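> Residues per chain are reported as follows:
Number of protein chains: 2
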Amino acid sequence: MVLALDQARQAAQRGETPVGAVIYDPVADKVLAQDGNRVRELHDPTAHAEGLVIRAACQSLGNERLQGLDLYVTLEPCPMCAGVISAARISRLYYGASDPKSGGIEQGPRVLSHPQSHHKPEIYGGICEAEAADLLRGFFAERRGD
Amino acid sequence: MVLALDQARQAAQRGETPVGAVIYDPVADKVLAQDGNRVRELHDPTAHAEGLVIRAACQSLGNERLQGLDLYVTLEPCPMCAGVISAARISRLYYGASDPKSGGIEQGPRVLSHPQSHHKPEIYGGICEAEAADLLRGFFAERRGD
Numbered sequence: 001m002v003l004a005l006d007q008a009r010q011a012a013q014r015g016e017t018p019v020g021a022v023i024y025d026p027v028a029d030k031v032l033a034q035d036g037n038r039v040r041e042l043h044d045p046t047a048h049a050e051g052l053v054i055r056a057a058c059q060s061l062g063n064e065r066l067q068g069l070d071l072y073v074t075l076e077p078c079p080m081c082a083g084v085i086s087a088a089r090i091s092r093l094y095y096g097a098s099d100p101k102s103g104g105i106e107q108g109p110r111v112l113s114h115p116q117s118h119h120k121p122e123i124y125g126g127i128c129e130a131e132a133a134d135l136l137r138g139f140f141a142e143r144r145g146d
Numbered sequence: 001m002v003l004a005l006d007q008a009r010q011a012a013q014r015g016e017t018p019v020g021a022v023i024y025d026p027v028a029d030k031v032l033a034q035d036g037n038r039v040r041e042l043h044d045p046t047a048h049a050e051g052l053v054i055r056a057a058c059q060s061l062g063n064e065r066l067q068g069l070d071l072y073v074t075l076e077p078c079p080m081c082a083g084v085i086s087a088a089r090i091s092r093l094y095y096g097a098s099d100p101k102s103g104g105i106e107q108g109p110r111v112l113s114h115p116q117s118h119h120k121p122e123i124y125g126g127i128c129e130a131e132a133a134d135l136l137r138g139f140f141a142e143r144r145g146d
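Chains as they are written, first to last, in the numbering used here: chain B, 1 to 146; chain H, 1 to 146.
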């Protein structure tokens, strides 16, 4: 999660919402992908940190599924990213801050917990929550000119 | 929808689930993007037809939002694609066959109708439904060796 928080900080420096993510192989003890939000830079509404690292890890493995791998992300994933996590068959999801406005895991449509979800990873929320939330609060306060 | 059905047929020929999609600008009467499912070809769990055409249209316009544009897709979008449609601010969604197993619009977590959805397009289902459903049925029957 330390790497994901660093990616979130880098995203903020690029003017993107500060969310960072990492794909980690816990058996090989290897980071397969790390990135932050790039929606504005790439003009891509799907370029949330989670989507970018999942796509990057799939490319590096030549496989559209990531069984056995862990996703670390600094903010609770939105419904779109929850769908990506399910489609990619991520084994464990670790996230930082909850997102009452846009989250889709333990808030809103709870995409992964819905009986129709084809795959639900193990889910662990609140990892480094304060630091992840502080980053977001600081970013939005600065944009509002607080 | 005729173009989307053609893309679905081409996807089947590539061994992909036969779903096709088109982004259309109804004011300029112009097709901005058309594609079919490429999950296996690209090793990308997000490469559903809807995601590919939305990303392509965003690239061609240099904008992560597609206000005013229509999405035609042969199958009811899944929760992941419903999230992409909301994030991209698509104005009108026209889809073909319903998907009781994996759909996320009028089935399952109903991502766009959830009060937490940031954007809900106009939604029109059942467009060329029989033809879209026949394509899917034929594809899966062939794979099962019926």
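These are calculated hints, taken from the structure and not from any lab test. Don't take each hint at face value.
Just some of the chain H residues that point at chain B, by a computed CB distance under 10 Å [unchecked claim]: (1) Ala28; (2) Val31; (3) Ala47; (4) His48; (5) Val84; (6) Ser117.
Since the structure is predicted, the reported quantities are computational estimates derived from the model, not experimental observations. From the three backbone atoms N, C-alpha and C, an ideal C-beta is built for every residue, glycine too.
> So, for every hint listed, does it hold in this structure?
Structure-based check of each hint:
The criterion of a C-beta within 10 Å of any C-beta in chain B is not met by Ala28/H, whose closest approach is roughly 19 Å, and the hint is violated. Here the hint on Val31/H is broken, as its CB sits about 19 Å from the closest CB of chain B, past 10 Å. Restraint check, Ala47/H versus chain B: the minimum CB separation of about 8 Å is within 10 Å; hint holds. Taking 10 Å as the C-beta contact cut-off toward chain B, the hint placing His48/H at the interface holds, the least distance being around 8 Å.
The beta carbon of Val84/H comes within 5 Å of a beta carbon in chain B, closer than 10 Å, and the hint placing it at the interface holds. Among the interface hints, the one on Ser117/H holds; its C-beta lies about 8 Å from the nearest C-beta in chain B, closer than the 10 Å criterion.
Hints 1 and 2 from the list above are not met by this structure, while the remaining hints are.
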